[in-house]
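Enquirer: Sequence:
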Amino acid sequence: LKVLDGRSKMATSDLDDKKLFLPTTRSETSHVTSKPVDELDWLAQVPEEGQTYDDYLRLLTTRTTGRMKPLANKDGIDILLLPIIRSEDHPRSDTKGGDKSDRPAWPNYGPSLENLVDYARVFFDRQVHIMPAAQLYVTNTCTDGGTKKKRKTTSSQPGAFAAASKCRFKLFFPQDDLNLSAPVNIAGRTDLSTDRIQLQVTSLLDELSALRYSRHVTNEKDFCIMGVTMEDLFDGPSDLFCAGMAFGGDKVAVFSFKRYHPLIKMHPLHWHRFGYTEKSDGYSYYEDDDQDPKGLSSHPPIIGSDARDSCSQQGKIEIEFLRRSCKLLTHELGHLYALDHCIHNRCLMMGTGHLVEDFRAPTHLCEVCLRKLQWRTGFNVRMRYKLLAKVFNQLGMEKESKWTQKQYDHLSTNL
Numbered sequence: 221l222k223v224l225d226g227r228s229k230m231a232t233s234d235l236d237d238k239k240l241f242l243p244t245t246r247s248e249t250s251h252v253t254s255k256p257v258d259e260l261d262w263l264a265q266v267p268e269e270g271q272t273y274d275d276y277l278r279l280l281t282t283r284t285t286g287r288m289k290p291l292a293n294k295d296g297i298d299i300l301l302l303p304i305i306r307s308e309d310h311p312r313s314d315t316k317g318g319d320k321s322d323r324p325a326w327p328n329y330g331p332s333l334e335n336l337v338d339y340a341r342v343f344f345d346r347q348v349h350i351m352p353a354a355q356l357y358v359t360n361t362c363t364d365g366g367t368k369k370k371r372k373t374t375s376s377q378p379g380a381f382a383a384a385s386k387c388r389f390k391l392f393f394p395q396d397d398l399n400l401s402a403p404v405n406i407a408g409r410t411d412l413s414t415d416r417i418q419l420q421v422t423s424l425l426d427e428l429s430a431l432r433y434s435r436h437v438t439n440e441k442d443f444c445i446m447g448v449t450m451e452d453l454f455d456g457p458s459d460l461f462c463a464g465m466a467f468g469g470d471k472v473a474v475f476s477f478k479r480y481h482p483l484i485k486m487h488p489l490h491w492h493r494f495g496y497t498e499k500s501d502g503y504s505y506y507e508d509d510d511q512d513p514k515g516l517s518s519h520p521p522i523i524g525s526d527a528r529d530s531c532s533q534q535g536k537i538e539i540e541f542l543r544r545s546c547k548l549l550t551h552e553l554g555h556l557y558a559l560d561h562c563i564h565n566r567c568l569m570m571g572t573g574h575l576v577e578d579f580r581a582p583t584h585l586c587e588v589c590l591r592k593l594q595w596r597t598g599f600n601v602r603m604r605y606k607l608l609a610k611v612f613n614q615l616g617m618e619k620e621s622k623w624t625q626k627q628y629d630h631l632s633t634n635l
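When we follow my numbering, the leftmost residue of the sequence shown carries the number 221, and every step to the right adds one.
Where hints are given, some of them may not hold.
Below 30 Å or equal to it, Euclidean Cα-Cα: the simulated DSBU-like pairs (lysine-lysine) are [what the hints assert, rightly or not]:
| id | residue 1 | residue 2 |
| --- | --- | --- |
| 1 | Lys536 | Lys499 |
| 2 | Lys536 | Lys610 |
| 3 | Lys606 | Lys294 |
| 4 | Lys514 | Lys294 |
| 5 | Lys514 | Lys536 |
| 6 | Lys536 | Lys441 |
| 7 | Lys626 | Lys606 |
| 8 | Lys294 | Lys610 |
| 9 | Lys514 | Lys626 |
| 10 | Lys536 | Lys626 |
| 11 | Lys514 | Lys478 |
| 12 | Lys619 | Lys441 |
Treat the hints as calculated values from the structure; they're not laboratory data.
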């Protein structure tokens, strides 16, 4: 991956720009979307048409009556987060998913789900709940029709990728009675040399859609199900990875925080080649002149307690991981509220083509997307800024807290 900024490789937030701390009459950032500067940038690859506020209303309401279309799922209120956690032992379908001793815990190297819930509740003005975890089990063998077959899952050729297969990846969903469901097969790929796996994102979404529709009769308040995981994802066979994807009409999404760790370093071509450094420089890829770096750890470091010290190196790493995770969560949820990729201004809903561009995207919505979401959920814009400033402060995200507080102060003075 090329360095997109001659000054630095650091993927800093737009909130580092002091100009954006000045209160304006606009609800969010006043910087227009910049033109792509690299062939890998999102707008250099995807001809986005954009979505205006009027476009949004036409999408979600009928032309004659103005009533909400079924696509909007207007009766759905609650946002459900479904942790997808790898289990070392084969789960049993009759095992109570509600018994904590019988289910794997959320990895201690992942972002706090409780913190993500607190943030999403304020961002969308909706109740957010964590479901009992779905359990992923990876078998050691692949069988078809009862006969074991060896499959080619990796290649020594440069640029070659493992073929996806459904035979090794079993997913057990939680049910309303807290039992685990019978397993469903998920497509994925494995690199035998490292024993690393990736799950195919649309295969997961298909099963999440089936899960949501199976719950609809008895859980009418569900707005969506968001699968969250520390397992790696991919979409197409040549993908390095896929951060996440949403099926907007089905109101399901899934995303992985794995590649968002501030200490990760990865090969730009081979999905299974990555590790973790001791210090973060904000750049997630191997250097151009060193495609085989030494001293990388194969396992990510444990994330500390909620009492983050923003002055310490460890505290800064944990806060940056949480910042990236919050943006990923709210971006994908925005798609489930029918917000398309934004081309109007610098915005959380901008499309991004790579991690450098992703990490530079703002935490906030532009005024166009803010108006769409406000129409859809009905929050009070001024009070939302006040609550966001508070939750940002609790999460140790000082720049975001100051920015939203200034927006609240400005609106309080001028309204």
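Enquirer: Taking the hints in turn, state whether each one holds.
Expert: Evaluation of the provided hints:
1. Lys536 to Lys499: Holds - the C-alpha atoms of lysine 499 and lysine 536 are around 11 Å apart, at most 30 Å.
2. Lys536 to Lys610: With a Cα-Cα distance of about 19 Å, the restraint between lysine 536 and lysine 610 holds, given a limit of 30 Å.
3. Lys606 to Lys294: holds, 26 Å
4. Lys514 to Lys294: violated, 53 Å
5. Lys514 to Lys536: holds, 24 Å
6. Lys536 to Lys441: violated, 38 Å
7. Lys626 to Lys606: holds, 9 Å
8. Lys294 to Lys610: holds, 28 Å
9. Lys514 to Lys626: The hint is violated at about 45 Å.
10. Lys536 to Lys626: holds, 23 Å
11. Lys514 to Lys478: Distance of about 21 Å is within 30 Å: holds.
12. Lys619 to Lys441: With a Cα-Cα distance of about 35 Å, the restraint between lysine 619 and lysine 441 is violated, given a limit of 30 Å.
In this structure, the hints that do not hold are numbers 4, 6, 9, 12, in rising order.
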